[in-house]
Amino acid sequence: MLGYTITQWLFGILSFLAIMFALMVVFTRNPVNSVLYLVLTFFCIAGHYLLLNAQFLAIVHIVVYAGAIMVLFLFIIMLMNLDADTEPQKHIGTRFIAGIVGGVLLFVMVGALRGAEQIQLVQTGSSQIGLVKNLGKVLFSEFLFPFEIASILLLAALVGAIMIGKRDTNINSKETTNS
Amino acid sequence: MTAFLIYKALMCIGVFILCLAAAAYSTLWERKFAAFLQDRKGPSRAGWGGLLQPIADGVKMFMKEEIIPNVSNRSLFILGPCIFMITAVITSSVIPWAKPVMIGSHVYDLQITDINIGVIYLLGVASIGVYGIMIGGWASNNKFALLGAVRASSQMISYEIPMGIALIALIISSGGSLSLKEIVEGQDAGFANFVWQPLGFLIFFICALAETNRAPFDLPECETELVGGYHTEYSSMKLGLYLFAEYINMFISSAVLATLYFGGYNFPFAHELYEKLGLADGSVWISLIGFGVLIAKIFGFVCLFMWIRWTLPRFRYDQLMNLGWKTLLPLSLFNLALTVVVEFFRGNIHF
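So the protein sequences, as listed, match chains B and W.
Residues in the first sequence are numbered from 0 upward in steps of one, following numbering that gives the first Met the number 0.
Residues in the second sequence are numbered from 0 upward in steps of one, following numbering that gives the first Met the number 0.
One or more of the hints may lead you astray.
With the Cβ distance kept under 8 Å, some of the chain W side facing chain B (calculated, not the full set) [to be verified]:
1) 116
2) 123
3) 129
4) 137
5) 145
6) 177
What the hints contain is simulated information worked out from the structure, not anything from laboratory work.
Predicted model only: the values in this text are computed from it and were never measured.
Beta carbons: idealized from backbone N, C-alpha and C, even for Gly.
Hey, can you work out the whole structure from these sequences and the hints?
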């Protein structure tokens, strides 16, 4: 088809959709719609992972980001009842500065990526590294130490979240004695 | 290439029709079964013994007036039931329905797609299903609908965790493959996974009840507290989609349970039977018998779902959360540890 393979077509379509949805996240006024567009962006990125033959990463990306984290985002935004009407209007000076900062960032990005098309891509390792079996073997042998460090980090985050969410027993007992 | 595409298209359409037909007749069977448990007759007027009742219900749903609240978010209001229905149906794509058929020299798998992440795909689709309820409940702009949606999503997120851990234990004891086809084939000779994972099966079954929002976990649509839960504002076929998708979910969950824990299309002494009948591998008849066996298992699970619904009262919300986090989660972790020890002594794990 027009000299491109199906993979290239899929890559093009997915990239277009991913960028379009990412822009919609920023441009929509309604925060709930923003979150939903972000979910769609995550789906497009998962599609990219599939094209790279990283099926495990793709599905875990969907389970963790789209299935868990974004549901919590949606949860909070829905309960806070944010609307287009309640959105605070920014001062004109703030907007002006934000425009300049954003423009400079764009300038830096374009400058950094200039000449990137001349870099020769080198594929290291096998193309089947994304499959669960190969990934597991590498994670549990070659990269065992970083893997365990990451798990300790997650555990610490988990304990921290529970500590913050836990009801303070001292305050509670005082309340009950007072009443 | 063309033959392959036609075969895949036929598979998709076939499985889709199977899901819809099964869900339609589940609604009738649910009412008949409830009637049986309560010593009544159930629907018996439409068709022979009530056989046309699902069609009558469907026509009624389509003919009813459609009301979209003025204060609702119109596009999301329509999107909600669509997402819920789509996620209910696409789960069926990884279930192996029968043994591969050999026609000519080609082998045709009776499964839409055999991805090597099948089990995680199931979890992923289950976690996406929550969006249908949340979007629908929020877009209604009704406090009862919103409360129902919040309940549904917190319930589904909570019960996904023990479900996932139960699945890890299952994968360890069934040989380490995430592909549903390989899990089923592993149960061809020897015991079904249920024998090695009785506790895991129990946990998975309870979580499946919670994930499909069936009683006693139907708090999202608890009519004594929340009018109609997340679908309070829905009417006509949009309400129909929500109700119908619940039955599809039940059918697919039963299929997953049968596939993962009860051997799918396999049954005891299958090879002896096929030898007696003189059927070669790849015969259409073997596939048909296997498919029949799978449907019988699914039917058994659907009956179990219904039996529980018409027997047990609904949980209170704190009981639901306590059961999920304080009972099922430690139990599933214990099951995982136990599985590792057992499998080590069975010689399936090497350090």
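Outcome of the hint check:
1. 116: holds (5 Å)
2. 123: holds (5 Å)
3. 129: With a minimum Cβ separation of about 6 Å from chain B (threshold 8 Å), the hint on residue 129 of chain W holds.
4. 137: This hint holds: residue 137 of chain W lies near chain B, its Cβ roughly 5 Å from the closest one there, short of 8 Å.
5. 145: With Cβ-Cβ at 7 Å, under 8 Å, it holds.
6. 177: holds (6 Å)
Every hint from the earlier list agrees with this structure, and none is contradicted.
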